[in-house]
Amino acid sequence: MTGPEAAAKSADAVRARVERTFRDESGRALATLIRLLGGDFDAAEEAVADAFVAALETWPRDGIPANPGAWITTTARNRALDRLRRARRHAEKLVEIERGLAADEMESIVRLGSESRLADDRLRLIFTCCHPALALDARVALTLRTLGGLTTPEIARAFLVPEATLAQRIVRAKKKIRDAGIPYRVPPDELLPERLDGVLAVLYLVFNEGYSATSGDALVRRELCAEAIRLTRLLVVLMPDAAEAHALLALLLLQDSRRDARTGPGGGIVLLEDQDRARWDAAEIAEGLALVEAAFRELPTGSLPGPYLLQAAIAACHARSASPAATPWGEIAALYGILEAVAPGPVVQLNRAVAVAMAEGPAAGLVLVEALNAEGALTDYRHFHATRADLLRRLGRRPAAAAAYERALSLAANEAERAFLVRRLAEVRAAG
Amino acid sequence: MQYMLLIYMPEPAPGDGELAMPDMAPWFAYTDWLREKGIYKAGDPLAPSSATTTIRVRDGQRLTTDGPFAETKEVLGGYYVIETDDFDLALEAAARCPGALDGSMEVRPIVEM
Chain A
10 MTGPEAAAKS ADAVRARVER TFRDESGRAL ATLIRLLGGD FDAAEEAVAD
60 AFVAALETWP RDGIPANPGA WITTTARNRA LDRLRRARRH AEKLVEIERG
110 LAADEMESIV RLGSESRLAD DRLRLIFTCC HPALALDARV ALTLRTLGGL
160 TTPEIARAFL VPEATLAQRI VRAKKKIRDA GIPYRVPPDE LLPERLDGVL
210 AVLYLVFNEG YSATSGDALV RRELCAEAIR LTRLLVVLMP DAAEAHALLA
260 LLLLQDSRRD ARTGPGGGIV LLEDQDRARW DAAEIAEGLA LVEAAFRELP
310 TGSLPGPYLL QAAIAACHAR SASPAATPWG EIAALYGILE AVAPGPVVQL
360 NRAVAVAMAE GPAAGLVLVE ALNAEGALTD YRHFHATRAD LLRRLGRRPA
410 AAAAYERALS LAANEAERAF LVRRLAEVRA AG
Chain B
1083 MQYMLLIYMP EPAPGDGELA MPDMAPWFAY TDWLREKGIY KAGDPLAPSS
1133 ATTTIRVRDG QRLTTDGPFA ETKEVLGGYY VIETDDFDLA LEAAARCPGA
1183 LDGSMEVRPI VEM
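In order, the protein sequences belong to chains A and B. All residue numbers for the first sequence refer to the working numbering, where the first residue is 10 and numbers rise by one. All residue numbers for the second sequence refer to the working numbering, where the first residue is 1083 and numbers rise by one.
None of these hints come from the bench; they were simulated from the model. Take the hints with a grain of salt, since some may be wrong.
[Stated by the list, open to error] Derived pair list, reagent style DSSO-like, types lysine-lysine, alpha-carbon separation capped at 27 Å: (1) A:Lys184 x B:Lys1123; (2) A:Lys185 x B:Lys1123; (3) A:Lys185 x B:Lys1119.
[Unchecked claim] Over the 10 Å line for every Cβ pair with chain B, so calculated as not near, a few chain A residues: (4) Asp188; (5) Asp285; (6) Leu434.
None of the values given here were measured: they were computed from a predicted structure. Think of the CB as a built atom: it goes at the ideal place given N, C-alpha and C, for glycine as much as any other residue.
Work the whole structure out from these sequences, hints included.
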């Protein structure tokens, strides 16, 4: 290799390393900077962006630092200080922040011994980004933008919104944090259970957006799932006593383990019963199952499992089954029954109906589905009509099944789903 | 930081006529709670929207209309001003207000001038 070629190759390697550091470390650096800058998201983001620009400039020349994350945080902190000194606008605030920065002394960040301080910063940031006073879509965008190393265009693509819309959403959220005085802290104990639920809901929503693939770029959606798992893992590390965080991690891993098996070669949906179980991710299943088992062991006697643990337990039933025929549908129906008590809702009822149909036959499932139909809560829910159609089909009630398939088809969200429903509809019509 | 808690209450139906005086005990208890927390600054009930007059000045002309500026199911029925650096406490104060039970509470930061 000639000199320039080697240089170009090593420049590429450094660039790749900076990109990886961005994914892995930007959330961490940002969390610390936001604290150091008294909750100023914008100044913190600028400082962290400055640090990554500096990394691109100096790493090719000086080599990659031993601890890239600490390098980024230290550089960002220095750039923030430079900017503040240059600006000299808010004299009072400056004195206060300078004092804070000096007291903090970067050594506490650079040394590994300060890991707990860093963890606190990120936990604060998670709770701030997921504060219920922010709109749900803003919570999601802000969490992904600040804690997960996803860029604004990536998040926009994942959620199928124009980049400008997403950028605006983030700007508005940051403005509200500032103007309303949304605190940058882990909530006090009395608020913690409720607020933790809110954080878990955001993470689960991020995962589902990536998993249920209503449409859009498959690669970006895969990234959303990975990001949700990464952030949930982080939450588990930061809050080791939060049982439902462990349970959510288990649930995400067990669902994610089926990702490759649930789409066919043409991108079509492959139902659970038709999936090639050899393609399920064994490592994710092993980790998920271990988490579920540990959670049940640690469940205080006499208390009901939380909703995420119940859903993880249901996913574990599927993961443990070597074949569809081996699925313990009775156990799954029972778990849905408990879930209905813990977290009532029509979708849970529908899922229980499916499990009951599998355990006791389609007629028993249809009784529950028709009760739901009478309530009317799921009239616009495509899975409800698809499920009802399937039960009617299996009972040989073809005209009713066809009507239900048509209704589901009118609500289908993507091509894969549509193709599946069209196929089924043709089957019941042909058989009739 | 100061927050105004705006209390939006359902309007009594026109046919209801003069309503009996609402039970003030929960409101007094609530105001006491705000004082105990050391965050109370001010607070008052407002007369019903039937007592409201809306004024606009356009091109130097004063336009006077009877009633609130917009007809809505819930109308501004009162307010509190609290002072706290804890946003979560401001939200809790709104949630504890008796007005939250049948109306809606808006928590608005007051801009310092």
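- Item | Index of numbered hints that the structure contradicts, given in increasing order | 4
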